[in-house]
Amino acid sequence: MAFATNDDLTVYIQDIFDHGVSDWSDELALAETDVTNQIRIRYWDKFEDKAQFDKTKLVETQWKPATVYRALSAYILPKLSTFRLDDTFMEQTAFYKTQYAEEINTQFQLGIEYDSDGDGAITASEITTMTQTRLYR
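Using numbering that gives the first Met the number 0, you'd call the opening residue of the sequence shown number 0 and step up by one each time.
Don't take each hint at face value.
As the list claims (entries may be wrong) - What follows is a list of derived Cβ distance ranges for each label pair:
#: 1; residue 1: 32; residue 2: 108; range: 20 to 26 Å
#: 2; residue 1: 14; residue 2: 40; range: 29 to 35 Å
#: 3; residue 1: 36; residue 2: 77; range: 15 to 21 Å
#: 4; residue 1: 51; residue 2: 94; range: 33 to 39 Å
#: 5; residue 1: 10; residue 2: 78; range: 17 to 23 Å
#: 6; residue 1: 16; residue 2: 122; range: 35 to 41 Å
#: 7; residue 1: 115; residue 2: 13; range: 17 to 23 Å
#: 8; residue 1: 85; residue 2: 52; range: 41 to 47 Å
#: 9; residue 1: 86; residue 2: 10; range: 22 to 28 Å
#: 10; residue 1: 55; residue 2: 5; range: 16 to 22 Å
#: 11; residue 1: 39; residue 2: 116; range: 15 to 21 Å
#: 12; residue 1: 5; residue 2: 40; range: 24 to 30 Å
#: 13; residue 1: 82; residue 2: 108; range: 50 to 56 Å
Simulated from the structure, these hints should not be mistaken for lab results.
Just so you know, even glycine gets a beta-carbon here, dropped at the ideal spot from N, CA and C.
Please model the complete structure; the sequences and the hints are all you need to start from.
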């Protein structure tokens with residue numbers, strides 16, 4: 000199942016389908032790949048066996064907002080934009096880019112929910128938090 004669907008987009012921008020496009024599934028799929036890549040880069044490749052990653056074991060609802068924000072900021076709104084100074088889509092792109100960064104960082108800090116045993120239930124041992132305890136300059 001996908002992290003986010005067309006219906007999820009309308010929760011964030013009610014008129015997203017009023018611009019001549021009736022399906023944003025391809026853009027949502029690209030955003031899902033981006034989110035999954037961030038999970039692999041920032042979490043999996045550091046703490047788990049690289050060969051065993053299975054994105055179907057992630058909890059989709061945990062990544063829904065990040066996927067929507069990424070789709071809007073990187074794929075959907077730039078397609079709708081005219082790239083002029085008075086373009087509201089460019090302003091929205093910047094807003095959702097910030098929202099994406101905040102959301103994905105929040106989820107990493109709350110903990111990655113990964114159903115490693117495949118039983119359909121997430122236990123405390125299947126949640127890995129990502130906190131930074133060292134100051135980098």
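Non-conforming hints, listed in increasing numerical order: As far as the earlier hints go, 7 and 13 are violated by this structure, in ascending order.
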